[in-house]
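Just so we're aligned, residue 0 is where the sequence shown starts under numbering that gives the first Met the number 0, counting upward by one.
Derived by calculation from the structure, the hints in this document are not laboratory data.
Where a beta carbon is used, it is the ideal one built from N, C-alpha and C, also for glycine.
Treat the hints with care, since some could be wrong.
[Stated by the list, open to error] Cut-off 30 Å, straight-line C-alpha distance, at most; resulting in silico cross-link-like pairs (BS3-like, lysine-lysine): (1) Lys268 x Lys87; (2) Lys116 x Lys268; (3) Lys126 x Lys268; (4) Lys116 x Lys126; (5) Lys87 x Lys125; (6) Lys67 x Lys87; (7) Lys67 x Lys268.
[Stated by the list, open to error] Pair ranges (Cβ atoms, derived): (8) Gly279 x Gly313: 18 to 26 Å; (9) Thr115 x Phe185: 19 to 27 Å; (10) Ala278 x Glu65: 19 to 27 Å; (11) Thr138 x Asp301: 41 to 49 Å; (12) Gly191 x Cys100: 38 to 46 Å; (13) Glu136 x Gly302: 45 to 53 Å.
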Amino acid sequence: MGRFGEVTIVSARIGHRSEHKEEGEMKRIGLLLGAGIFMLLPAATAWGAFSDFTTMTKPIGVAAFEDKLLVTTYCPQQIYLVHPNGEKEIFAPDFPDPGGCVENYIAVSPGFGGFTKNEVFVTAAKKIYRISPDGSEVTLFAEISSSVSSHTSLTFDTVGFFDNDMIVVAPNGDVWRVDAQGETTFLAHLSGGTVENPAIAPPEFGPVAGSVIVASENTGKVFAIDPDGTTVVIASGIPGAEGANFVPRQICNFSEEGGAYFGAIYPEKIVTAPAEDFAGFENDLIVQQEASGGGIFRISWDGENYVSTQLASGIGHFEGATFANCYCLDPDGDFYGEGNNCAGPDNCPNNPNPAQQDGDEDGVG
0 MGRFGEVTIV
10 SARIGHRSEH
20 KEEGEMKRIG
30 LLLGAGIFML
40 LPAATAWGAF
50 SDFTTMTKPI
60 GVAAFEDKLL
70 VTTYCPQQIY
80 LVHPNGEKEI
90 FAPDFPDPGG
100 CVENYIAVSP
110 GFGGFTKNEV
120 FVTAAKKIYR
130 ISPDGSEVTL
140 FAEISSSVSS
150 HTSLTFDTVG
160 FFDNDMIVVA
170 PNGDVWRVDA
180 QGETTFLAHL
190 SGGTVENPAI
200 APPEFGPVAG
210 SVIVASENTG
220 KVFAIDPDGT
230 TVVIASGIPG
240 AEGANFVPRQ
250 ICNFSEEGGA
260 YFGAIYPEKI
270 VTAPAEDFAG
280 FENDLIVQQE
290 ASGGGIFRIS
300 WDGENYVSTQ
310 LASGIGHFEG
320 ATFANCYCLD
330 PDGDFYGEGN
340 NCAGPDNCPN
350 NPNPAQQDGD
360 EDGVG
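Start from the sequences, fold in the hints, and give me the full structure.
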């Protein structure tokens with residue numbers, strides 16, 4: 000089990016705006032990995048609400064980019080820049096469309112590990128393309144050797160257990176590390192079906208802090224992967240588990256028009272939920288569902304157990320999702336600052352940073 004040891008899981012179900020509360024008796028199911036316990040608890044109180052942010056034909060990947068969103072679309076493969084008012088324009092018109100239908104996922108570099116801040120990276124099956132922040136330059140960055148033709152997704156290590164590498168997940172279960180020079184290293188293989196949309200667990204997330212977190216659409220499980228490739232299940236029973244995002248320690252709304260969390264609802268729109276709906280959930284994991292009438296689950300660490308709670312259902316067929324970008328680049332390691340563009344008061348710890356890479360130019364943090 001590596002550094003993970005034993006992992007315990009607790010699960011509850013919360014109806015979206017809970018007009019129909021579910022009653023249920025407690026059930027215990029042994030997990031396949033470790034000595035964990037899965038418990039289904041009675042329903043709790045209502046959570047909050049999603050609203051439509053903008054219409055979009057066949058949206059797939061979603062990434063926050065300062066005060067904008069970037070969204071990839073399916074068939075044809077395009078990248079759109081979405082402004083706070085929901086208006087859209089083509090981003091990176093030179094991004095190659097090889098024909099056919101490919102699910103492209105997207106991530107914006109936070110600037111760690113030798114990667115340039117705000118460069119955009121987009122998958123295209125085995126290939127990963129690098130795009131300049133203004134969308135004017137598109138180059139092939141790396142290529143993994145997995146036998147896949149679509150659905151490859153990615154994130155960046157912001158904690159450091161993986162040397163701040165890019166993490167790339169192929170739908171066949173292969174997980175790769177990619178450094179800033181584009182060199183690829185195989186990390187692990189997850190069996191059991193399609194896996195997509197990884198995230199990195201923050202330091203507060205219990206025994207799997209710093210690990211790669213990956214959702215498995217076919218099995219309904221959520222895996223954690225250690226730097227040595229050891230894997231463990233931290234959640235189960237999430238039908239169509241499509242992806243992972245952690246609630247930022249510093250939560251903000253994207254704009255007056257848009258909320259804090261954005262999800263691509265295939266085939267028609269982007270939805271959003273406001274920052275206040277995630278208050279108290281800081282550093283918890285949000286998993287979206289690719290399923291008819293899908294919603295989101297929250298997974299938290301309570302000091303002893305991983306607790307899985309369904310927050311919302313009946314929203315739609317989720318693809319990618321993201322939280323608004325409310326951090327500045329701060330090599331002191333906490334990864335959070337106030338303001339979408341590093342403007343406003345600096346809430347990073349005041350560790351010396353002569354390079355002033357966090358952008359606030361106050362001489363610290």
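Cross-check of the supplied hints:
no.: 1; hint: Lys268 x Lys87; in the structure: holds, 12 Å
no.: 2; hint: Lys116 x Lys268; in the structure: holds, 28 Å
no.: 3; hint: Lys126 x Lys268; in the structure: holds, 26 Å
no.: 4; hint: Lys116 x Lys126; in the structure: holds, 21 Å
no.: 5; hint: Lys87 x Lys125; in the structure: holds, 28 Å
no.: 6; hint: Lys67 x Lys87; in the structure: holds, 10 Å
no.: 7; hint: Lys67 x Lys268; in the structure: holds, 16 Å
no.: 8; hint: Gly279 x Gly313: 18 to 26 Å; in the structure: holds, 23 Å
no.: 9; hint: Thr115 x Phe185: 19 to 27 Å; in the structure: holds, 25 Å
no.: 10; hint: Ala278 x Glu65: 19 to 27 Å; in the structure: holds, 23 Å
no.: 11; hint: Thr138 x Asp301: 41 to 49 Å; in the structure: holds, 45 Å
no.: 12; hint: Gly191 x Cys100: 38 to 46 Å; in the structure: violated, 24 Å
no.: 13; hint: Glu136 x Gly302: 45 to 53 Å; in the structure: holds, 47 Å
Comparing the model with each numbered hint stated earlier shows that hint 12 is the single one that does not hold.
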